[in-house]
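One line per chain: the protein sequences are H and X, in this order. Counting from 1, one number per residue, gives the positions in the first sequence under UniProt numbering. Counting from 1, one number per residue, gives the positions in the second sequence under UniProt numbering.
Worth flagging that the hints you see were computed from the coordinates, not collected in a lab. Just to be clear, a hint being listed does not mean it is correct.
One-sided excerpt, in silico: chain H residues whose CB lies under 8 Å from chain X [to be verified]:
1. Glu13
2. Asn17
3. Asp22
4. Phe28
5. Lys31
6. Phe115
What follows is a list of derived Cβ distance ranges for each label pair [to be verified]:
7. Met154/X x Arg188/H: 45 to 51 Å
8. Ala177/X x Asp148/H: 41 to 47 Å
9. Asp148/H x Gly178/X: 30 to 36 Å
10. Glu132/H x Pro108/X: 58 to 64 Å
11. Asp39/X x Asp148/H: 48 to 54 Å
12. Thr157/X x Leu58/H: 36 to 42 Å
Glycine residues also receive a C-beta, built at the ideal position from the N, C-alpha and C atoms.
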Amino acid sequence: MILSKYPFVVQKEIIDNMNHLDLLLLSFVSKNMKKLIVSSQKMTSKSIRSIEYQYDRLDGTCVVYLLDERKPLEEYYERSSRTVDDVIMRIVKLDEDENDNVQFNVLGKMIDFRFDGEYKYPVASYHEWDKESVFQSIHNHFLDVFGDAVEYNWEEPDWKDPEECFVPFIPKLKNVSFFVELIDIVNRWKLGEAFRILEYAQIRTHHSTQFLLSVLDEIEVKFIDALRQPPTHTVRDCLSWGNKNSHTYPLISHRYIVRATDNRVASVDVMGGTFLIGVWDKTEEEFLKMAR
Amino acid sequence: MSSTEQGTSSAAPAEPTTAPESAAAPEVPESFYYVHGKDKVVHKVSAGALQHSALIHGMISNLGYTEEQAKANPFPFENIDGDILQMVVDWCNQHKGKPTPPEDTNLPKQKEKLFDLVLAVNYLEIKELLTYCCKQVAMMVKGKSPEEIREIWMIPTDAEDEAAEKEAKKRAGKEAAGETAAAAGDAK
Numbered sequence: 001m002i003l004s005k006y007p008f009v010v011q012k013e014i015i016d017n018m019n020h021l022d023l024l025l026l027s028f029v030s031k032n033m034k035k036l037i038v039s040s041q042k043m044t045s046k047s048i049r050s051i052e053y054q055y056d057r058l059d060g061t062c063v064v065y066l067l068d069e070r071k072p073l074e075e076y077y078e079r080s081s082r083t084v085d086d087v088i089m090r091i092v093k094l095d096e097d098e099n100d101n102v103q104f105n106v107l108g109k110m111i112d113f114r115f116d117g118e119y120k121y122p123v124a125s126y127h128e129w130d131k132e133s134v135f136q137s138i139h140n141h142f143l144d145v146f147g148d149a150v151e152y153n154w155e156e157p158d159w160k161d162p163e164e165c166f167v168p169f170i171p172k173l174k175n176v177s178f179f180v181e182l183i184d185i186v187n188r189w190k191l192g193e194a195f196r197i198l199e200y201a202q203i204r205t206h207h208s209t210q211f212l213l214s215v216l217d218e219i220e221v222k223f224i225d226a227l228r229q230p231p232t233h234t235v236r237d238c239l240s241w242g243n244k245n246s247h248t249y250p251l252i253s254h255r256y257i258v259r260a261t262d263n264r265v266a267s268v269d270v271m272g273g274t275f276l277i278g279v280w281d282k283t284e285e286e287f288l289k290m291a292r
Numbered sequence: 001m002s003s004t005e006q007g008t009s010s011a012a013p014a015e016p017t018t019a020p021e022s023a024a025a026p027e028v029p030e031s032f033y034y035v036h037g038k039d040k041v042v043h044k045v046s047a048g049a050l051q052h053s054a055l056i057h058g059m060i061s062n063l064g065y066t067e068e069q070a071k072a073n074p075f076p077f078e079n080i081d082g083d084i085l086q087m088v089v090d091w092c093n094q095h096k097g098k099p100t101p102p103e104d105t106n107l108p109k110q111k112e113k114l115f116d117l118v119l120a121v122n123y124l125e126i127k128e129l130l131t132y133c134c135k136q137v138a139m140m141v142k143g144k145s146p147e148e149i150r151e152i153w154m155i156p157t158d159a160e161d162e163a164a165e166k167e168a169k170k171r172a173g174k175e176a177a178g179e180t181a182a183a184a185g186d187a188k
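Throw the hints in and build the complete structure from the sequences for me.
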């Protein structure tokens, strides 16, 4: 049976009747097959709720789930439960002993894959030095095959011991939401890339104070001289509907961070498992003058 | 297989056996049409069964044949093998006036037969049967690796596609040059 001998409309009908995993595998067969899939993309992406990268920093393995629109949502989390049937790829560190890998050209980059029947999905491998580039090529391939209208998320499983943390690998993937990182949120504020109009936030986490203190190290907080009294940050609480004059909890902290783009300062602190950030309308110099 | 509604030659198509109608229902005589494939074997099919094919349905509407004219002029489908047309006719008869089920397990399992059936069904514009066939073709590669998919569907490699494209361009260039030369010759 020669697929290319079918009229285009028939080829499209066949594509529309394939499941997502088979489509992904077909996309590796040839550039023309990938083009055919891309031409049917509206149909394909419509049935996808999200694609989730679950990265385990301990062994560098990333499991990619494709969650179907028809899959019921979990009541509490408002997201679909994930099972092995939802996995469309695993991305792992290259095991030098593996010799049954085959290489596929993924957007101009040759990547090792294994299709050994042990799993129904492909297993892609990367060298540590080439990790980011492999993840980017694979993600861009997903964008081509499944479309950029699909929700892409990057998650890391809970990690509890502080010493396991901060070997962060967060590839710069287009269209991906990162659920991972408080660190990422703060760093993006510091770089002026996000949350530019933020005035105040309390971010509750499942982590201990000790853990969050190590986060503060990671985001490179600065300190007001310990002998000086830091200024009190508070703003009107817009979320307190009952009382228009309600204000946020006073944030008095020796710790602060500075935004690179305009030198504005934010006081930061941790209380229990909560991270607090209050943004000042002051430059670092003006802010330090307020500390007595 | 509905042997009762199918003739064996264009000269003498068999008379249909009509199913007993309910006593209350008014007697409406069913009209029949005739089709043949590459093997010239004529199949007698009711108008109801042929409604599945948008192509034949359109032909019937446009031609406005009487029963006699239809018998004398079977629709020729020279591009469809006899056994494939037989499968199509059987399917149309089996699903005459019935809602089509979500699955159809009676499709051929052999790759080549299925391939020919898909082409015929697409040509005859039988939408539901085309969907079933395409589902079956899609199932052929379920759970297969890219190399296995390549083998089953005989998909050329990128290098083969590029070579074929180059060849096609070269041929088109030669043909265009030939046409220009011929036109110049005519002008002289």
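Any of the earlier hints contradicted here, and which numbers? Those not satisfied are hints 9, 10.
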